[in-house]
Amino acid sequence: KAGVTQTPRYLIKTRGQQVTLSCSPISGHRSVSWYQQTPGQGLQFLFEYFSETQRNKGNFPGRFSGRQFSNSRSEMNVSTLELGDSALYLCASSLEAPTGENYGYTFGSGTRLTVV
Amino acid sequence: LAKTTQPISMDSYEGQEVNITCSHNNIATNDYITWYQQFPSQGPRFIIQGYKTKVTNEVASLFIPADRKSSTLSLPRVSLSDTAVYYCLVGDGGNYGGSQGNLIFGKGTKLSVKP
Chain A
707 KAGVTQTPRY
717 LIKTRGQQVT
727 LSCSPISGHR
737 SVSWYQQTPG
747 QGLQFLFEYF
757 SETQRNKGNF
767 PGRFSGRQFS
777 NSRSEMNVST
787 LELGDSALYL
797 CASSLEAPTG
807 ENYGYTFGSG
817 TRLTVV
Chain B
352 LAKTTQPISM
362 DSYEGQEVNI
372 TCSHNNIATN
382 DYITWYQQFP
392 SQGPRFIIQG
402 YKTKVTNEVA
412 SLFIPADRKS
422 STLSLPRVSL
432 SDTAVYYCLV
442 GDGGNYGGSQ
452 GNLIFGKGTK
462 LSVKP
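Listed in order, the protein sequences are those of chains A and B.
Under the numbering used here, read the first sequence as residues 707 to 822, first letter to last.
Under the numbering used here, read the second sequence as residues 352 to 466, first letter to last.
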């Protein structure tokens, strides 16, 4: 089966611009979560969406936002880009039971964002 | 959530067994221990999860002593392709290290396998 697909793979933006990243989860997975990975801070949780609703949120400024569509595809947006936003952005999808039990996270290969 | 401590890096040679130990002194009763592997420019990949004693799958073994304050990931006969960063996660019941998407990754252990 197809894995988690993230587009684009690489992106170069200028400070002050905004950017939108896309994530297509594994078919049937309704949970999509986003992470930022930098050499200094490691992997940090941004937010999670489930059935089009943001269910969980990490400690990032409001410039970072996301949404999820009815087909479970998700986008994240970063506005007013800063140099420090340069990172690998990863999304993960998971299948969840009605009880909330999780059947495992599958990550995409990420989008490498460079802000210049 | 319990904090984890792992060695920053380890070196090994092809064909050797590698053991990576993770300390988690404040592990809670309902916490599970989960390990992920990450190659450069890829997302983490689930390796193994356990609660106590020993768990083995086709990739690795996980040893957890009775007090559960530490765990050891064992990779048998490593190859060059096992060069990666390995993360130990503790918490959140059996939800593979996190529920509602929130996996708490530490710094991980960078394993370098040499020929």
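In case anyone wonders, no lab produced these hints; they're calculated from the structure.
The beta carbon of each residue, even a glycine, is placed where N, CA and C say it ideally should be.
Hints may be right or wrong, so weigh each one.
Stated by the list, open to error - Derived pair list, reagent style SDA-like, types lysine to any residue, alpha-carbon separation capped at 25 Å: (1) LYS458(B) x TYR364(B); (2) LYS354(B) x SER430(B); (3) LYS458(B) x ARG773(A); (4) LYS458(B) x THR434(B); (5) LYS458(B) x THR812(A); (6) LYS403(B) x TYR364(B); (7) LYS763(A) x TYR383(B); (8) LYS461(B) x PRO745(A); (9) LYS458(B) x PRO767(A); (10) LYS461(B) x GLY746(A); (11) LYS403(B) x ARG818(A); (12) LYS763(A) x LEU801(A); (13) LYS458(B) x GLN743(A); (14) LYS719(A) x LEU801(A).
What the hints assert, rightly or not - Pulled a few chain B residues facing chain A out of the computed Cβ check, cut under 10 Å: (15) ASP362; (16) GLY366; (17) VAL369; (18) ILE455; (19) GLY457.
Stated by the list, open to error - Covered stretches of chain A, going by a simulated chain B footprint (3 or more residues, C-beta under 8 Å): (20) 758-771; (21) 798-808; (22) 813-821.
The hints, checked one at a time:
1. Only pairs whose Cα atoms come within 25 Å are accepted, and LYS458(B) paired with TYR364(B) is accepted, the gap being roughly 23 Å.
2. Note on LYS354(B) and SER430(B): the hinted pairing is violated, with a Cα-Cα distance of about 30 Å set against a maximum of 25 Å.
3. Proximity of LYS458(B) to ARG773(A) is assessed by CA-CA distance (about 28 Å); at most 25 Å being required, the pair is judged violated.
4. A hinted pair counts as satisfied when its Cα atoms are at most 25 Å apart, and LYS458(B) with THR434(B) qualifies at roughly 16 Å.
5. Between LYS458(B) and THR812(A) the CA atoms are separated by roughly 20 Å; this keeps the pair inside 25 Å, and the hint holds.
6. For the hint pairing LYS403(B) with TYR364(B), the CA-to-CA distance comes to about 29 Å; that exceeds 25 Å, so the pair is violated.
7. Distance restraint check for LYS763(A) and TYR383(B): the Cα-Cα separation of roughly 22 Å lies within the 25 Å cut-off, and the hinted pair is therefore satisfied.
8. As the CA atoms of LYS461(B) and PRO745(A) are separated by approximately 13 Å, the hinted pair is consistent with the 25 Å bound.
9. Pair hint LYS458(B) plus PRO767(A) holds up; C-alpha atoms about 22 Å apart against a cutoff of 25 Å.
10. Proximity of LYS461(B) to GLY746(A) is assessed by CA-CA distance (about 15 Å); at most 25 Å being required, the pair is judged to hold.
11. Distance hint between LYS403(B) and ARG818(A) is unfulfilled; the C-alpha atoms sit about 38 Å from each other, more than 25 Å.
12. The hinted pair formed by LYS763(A) and LEU801(A) meets the criterion: a straight-line CA distance of about 19 Å does not exceed 25 Å.
13. Distance hint between LYS458(B) and GLN743(A) is fulfilled; the C-alpha atoms sit about 11 Å from each other, no more than 25 Å.
14. For the hint linking LYS719(A) to LEU801(A), the alpha-carbon distance of about 33 Å lies beyond 25 Å, and the restraint is violated.
15. At about 20 Å, the closest approach between the beta carbon of ASP362(B) and any beta carbon in chain A exceeds 10 Å, and the interface hint on this residue is violated.
16. Given the 10 Å rule on beta carbons, the hint for GLY366(B) is violated: about 29 Å separates it from the nearest Cβ of chain A.
17. Taking 10 Å as the C-beta cut-off, the interface hint given for VAL369(B) is violated, the closest approach to chain A being about 21 Å.
18. Among the interface hints, the one on ILE455(B) holds; its C-beta lies about 7 Å from the nearest C-beta in chain A, closer than the 10 Å criterion.
19. Annotation: interface hint on GLY457(B) holds; nearest CB of chain A at approximately 7 Å, less than 10 Å.
20. Counting residues of the region 758-771 of chain A whose beta carbon lies closer than 8 Å to any beta carbon of chain B gives 3, which reaches the threshold of three, so the coverage claim holds.
21. Counting residues of the region 798-808 of chain A whose beta-carbon sits less than 8 Å from any beta-carbon of chain B gives 5, enough to reach three: the coverage restraint holds.
22. For the region 813-821 of chain A, the stated coverage by chain B holds: 5 residues have a C-beta nearer than 8 Å to a C-beta of that chain, and at least 3 were required.
The structure is inconsistent with the numbered hints 2, 3, 6, 11, 14, 15, 16 and 17, although it conforms to all the rest.
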